[in-house]
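From first to last, the protein sequence lines stand for chains U and F. Okay, so the first sequence: first residue is 2 according to my numbering, each after it adds one. Okay, so the second sequence: first residue is 90 according to my numbering, each after it adds one.
One or more hints might be untrue.
[Stated by the list, open to error] Listed next, the in silico DSSO-like pairs over lysine-lysine satisfying Cα-Cα at most 30 Å (straight line):
(1) Lys226(U) - Lys28(U)
(2) Lys167(F) - Lys185(U)
(3) Lys212(U) - Lys126(U)
(4) Lys112(U) - Lys110(F)
(5) Lys110(F) - Lys126(U)
Hints were generated in silico from the structure; no laboratory data involved.
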Amino acid sequence: MSNREIVAENLIKRYGNFAAVNGVSFKVSSGEIYGFLGPNGAGKSTTVSMMTTLALPTSGRALVGGFDAVSQAGEVRRVAGVALQEIGLDPLMKSMELLTIQAQTFGYSRKEAQARARELLDLVKLSEFTERQVGKYSGGMRRRLDLAMALAHEPEILFLDEPTTGLDPASRRDIWAEVRRLNKEHGMTIFLTTQYLEEADELADRVAIIKQGQIAVEGTPAELKASMGTESINVSFRETDQAEKAADQLRDMGRVQIDRKVLRLYMSQAAAAVPAVMNRLQAASLEPISLTLTQPTLDDVFLQVTGGRFTESEPEAEAVA
Amino acid sequence: MGVLTAESENVTASRIAANSKRMPFLLQVTTMAWRSLVTTFRTPAAIIPGIIISVFFLFVYTGSLGNASNFLPGLAGKSYLAFILPVSIVSSALSGAGVAGQAIVRDIENGYFDKLLLTPLSRSALLLGPMIAGAVTLGLQTIIVLAVGLLLGLESATGLGGLLVVIALALILGVGFSGFTVAIALRTGSAAATQGGSFLFFPLTFLTATFVPVALLSGWIKTAAEYNPITYILEAMRAVLLDGWQAEVLLRGLTSASVLGIVLFVFALLSLRSRTARR
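Based on the provided sequences and hints, a complete structural model is requested.
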């Protein structure tokens, strides 16, 4: 099995005084899907540019498949496939032409390249549109073709920079399914940047949250969520004193916190405890207006890390009553 | 299913194979040139005005100055059409050259350029492709201008060979001008700047023996013409059309065109370096 790792060692990219990437280190193992999550301008695309030989790091080292992205750029280009955030397709050309040229540039003969192009068009479900100029494709079709372009030379490592930004939900699911398949069936190592928590949660084995050019936290989605504390049951009442009475009934089940008319009960396995909570409230003749269950989400982690609105507003809640 | 023909157990083998496979340089260049040509011909609006303008100039110059040769020492009894036709061809080389630069700007804007930079394609092939496509487009324009000239009664003193020399000189010049617009495109990434940049060469077609032979020029314009490589290209074209084979004039024309072409290609290559290094 070949080396399919991606390693960044203290990568820095400065433009004048501004550090777009300010000391990023990570290691993606062979066959792993690594999510690079961050808001716009956090340094995601700059990191991808350095890893994929498009930009030179100011300092630090990037290794892709064991090859140095600076001194062995040619080798990196051969082992890695790249789909950049900006879809790189000439709108005047047709999909078959683009894919054939792409494969040819990696040394396929014209015949091999055409066969490969047909295979890829089948894969991304564009076989019926080979005679249409790419400029007339929909956004989803262009993304799929761009992904096919990145796969033309059978790379072992795939870089996807915001692969679903601007896509409708159905096209997004198509891309996700394809990313999972490439990872499972071909053991491809996949480095994926995204602004969507759902996407990182859905696809990535491990996630790094990047903020102002630095990795703020890193871990599996489950670890990151766990770092945000446990689940909670939130019960709201008409009056503050009702909430206080309810607190007395529930104190032994977990940590209780009262915020005016809302009671929060922090505990593990909150969903299973909902009937018990309801029984106790009924026994005490307390009638809640609503009861919601809160799971810590990657959102919470993300917002806390990136200094978003987490402290001001309710975390994502799932209504159960 | 089996999209990647290399499955994990023989990945090492495929890695070695993939690393050793190379696209021959010549094929890289022709493939890139072919691609540029295909896209050029899918937007005919980009090249048709250039052809129309060249033909228009030819009509206007011969129409208004057609009898002038009788008053010009050294041109008496010769065809002014054959004298002015090279100017029309050089100016069409100028307008045609913009095509290559615009093609690069288009690629930079739509992101395909970055995609190509991520392939093992040679950087020279990336530049030569659109430049050659520009030259081929220009070759076609030249043939059209020559055809119109023949319809207007052009007679080449050296026959078909002379016409081929005119086309060849136009092509070399076209590659050079293309290199210049490609360089501007790479340095600015802007369509407007590229358009503007191609006008920088405009004075070159007039600070030379445009309407009369060099011998009749005087003062500063004579000096300018003597340093202007276009002068020698025009002289070579005129010699084969009007007088016959003159080795020295021909050689001077070819050298001027080639040097100009090489200098501008190197300029384009340096621009590509600075573009990729900056990012």
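Evaluation of the provided hints:
{"no.": "1", "hint": "Lys226(U) - Lys28(U)", "result": "21 Å, holds"}
{"no.": "2", "hint": "Lys167(F) - Lys185(U)", "result": "79 Å, violated"}
{"no.": "3", "hint": "Lys212(U) - Lys126(U)", "result": "36 Å, violated"}
{"no.": "4", "hint": "Lys112(U) - Lys110(F)", "result": "15 Å, holds"}
{"no.": "5", "hint": "Lys110(F) - Lys126(U)", "result": "28 Å, holds"}
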